[in-house]
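Chemist: Sequence:
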Amino acid sequence: MKSPIVTFNRVYKSFQDNPVLKNFNLTIGKGESFTLMGRSGSGKSVAMKCLLGLLTHDKGKIVRDQHIVRGMEEGSTSSGMENVGVVFQGSALFDSMSVGENIALALRSRAYKKEASLIKTLVLRTLSQVGLSHDIIDLMPSEISGGMAKRVAIARAIVHKPNLLLLDEPTTGLDPLSVHLIGQLIHQLHHQSQTTTLTITHDLHLARMISTHIGVLEQGKIVWNGHFEDMPSAKVDLVREMVVAQKL
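Using numbering that gives the first Met the number 0, you'd call the opening residue of the sequence shown number 0 and step up by one each time.
No lab work stands behind these hints, which were simulated from the structure alone. Be aware that one or more of the hints could be misleading.
Derived DEER-like restraints, expressed as beta-carbon distance ranges [claimed, not checked]:
| hint | residue 1 | residue 2 | range |
| --- | --- | --- | --- |
| 1 | Ser116 | Lys234 | 54 to 64 angstroms |
| 2 | Arg69 | Phe14 | 11 to 21 angstroms |
| 3 | Leu104 | Ser127 | 16 to 26 angstroms |
| 4 | Thr120 | Arg239 | 44 to 54 angstroms |
| 5 | Asp236 | Gly59 | 19 to 29 angstroms |
| 6 | Ser144 | Arg9 | 40 to 50 angstroms |
| 7 | Thr171 | Lys29 | 40 to 50 angstroms |
| 8 | Ser95 | Leu53 | 16 to 26 angstroms |
| 9 | Gly172 | Lys1 | 27 to 37 angstroms |
| 10 | Lys1 | Lys21 | 23 to 33 angstroms |
| 11 | Lys234 | Gly28 | 33 to 43 angstroms |
Each residue gets a CB set at the ideal place from its N, CA and C atoms; glycine is no exception.
Between the sequences and the hints, there should be enough to build the whole structure, so can you do that?
Modeler: Here is the structure:
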């Protein structure tokens with residue numbers, strides 16, 4: 000494995016008396032496109048929020064792009080975030096901002112400052128990169144389709160060329176064709192940039208398209224980690240069930 004960009008080492012996270020992550024271990028090497036899968040409520044999104052520092056883990060160690068993540072209470076949430084891009088579930092575009100303003104927000108909030116003309120150039124370039132017309136730059140999120148909104152969210156996440164890209168259920172709520180197109184886009188962007196990518200999804204078809212590695216989470220820990228082509232022969236019941244259920 001190449002040098003790690005993401006490391007979870009014996010991480011635990013509970014809510015009151017409900018343990019969600021239990022001895023959670025995961026290492027993602029530089030340039031990998033890793034997909035984390037599992038049943039609803041298995042802890043996938045909790046793991047990502049801990050990685051971002053939006054939740055504070057109870058025990059263990061999390062390292063993100065050479066920065067130790069401690070959590071919001073300890074003030075480390077923003078440390079190293081200038082090199083991270085995030086696509087939250089549901090796109091999470093700001094309704095009061097245009098498409099262009101949503102994408103530019105990722106540049107304006109960074110430690111460095113960019114001139115307005117350069118910001119617009121970067122926004123237009125990134126719109127092209129995600130397959131969107133420059134004509135939508137002044138439209139509001141309510142004026143574009145769900146599939147386009149996902150692409151705008153991805154554009155906002157990559158406009159500053161992050162070292163790490165995190166995507167939480169990037170195809171939720173989309174029709175099958177849009178899911179396929181978003182999968183193609185994620186695969187293409189990773190192939191072009193080799194940005195280390197962590198995607199959370201329940202869709203094995205999407206995982207097949209975009210992943211160099213897949214991990215399966217059950218009862219708070221990784222129970223299987225490998226390549227897609229090895230899933231049908233896995234000795235873990237949940238992995239085989241996923242393959243059968245999604246008819247792959």
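Chemist: State for each hint whether it applies.
Modeler: Outcome of the hint check:
A hinted range of 54 to 64 angstroms holds for the C-beta pair Ser116 and Lys234, which are about 57 angstroms apart. Separated by about 18 angstroms at the C-beta atoms, Arg69 and Phe14 satisfy the suggested range of 11 to 21 angstroms. Under the hint 16 to 26 angstroms, the C-beta atoms of Leu104 and Ser127, about 19 angstroms apart, fit the expected range. Taking 44 to 54 angstroms as the suggested C-beta distance range, the pair Thr120 and Arg239 conforms, at roughly 49 angstroms.
At roughly 26 angstroms, the beta-carbon separation of Asp236 and Gly59 lies within the given 19 to 29 angstroms, and the hint holds. For Ser144 and Arg9, the hinted distance range of 40 to 50 angstroms is satisfied, since their beta carbons lie about 43 angstroms from each other. Between Thr171 and Lys29 the Cβ separation comes to about 28 angstroms, which falls outside the hinted range of 40 to 50 angstroms. Evaluation of the 16 to 26 angstroms hint for Ser95 and Leu53 yields a pass: the beta carbon distance comes to about 23 angstroms.
Against the hinted window of 27 to 37 angstroms, the Cβ-Cβ separation of Gly172 and Lys1 comes to about 34 angstroms, which satisfies the hint. Between Lys1 and Lys21, the C-beta spacing of about 28 angstroms keeps the proposed range 23 to 33 angstroms intact. Taking 33 to 43 angstroms as the suggested C-beta distance range, the pair Lys234 and Gly28 does not conform, at roughly 24 angstroms.
Hints 7 and 11 from the list above are not met by this structure, while the remaining hints are.
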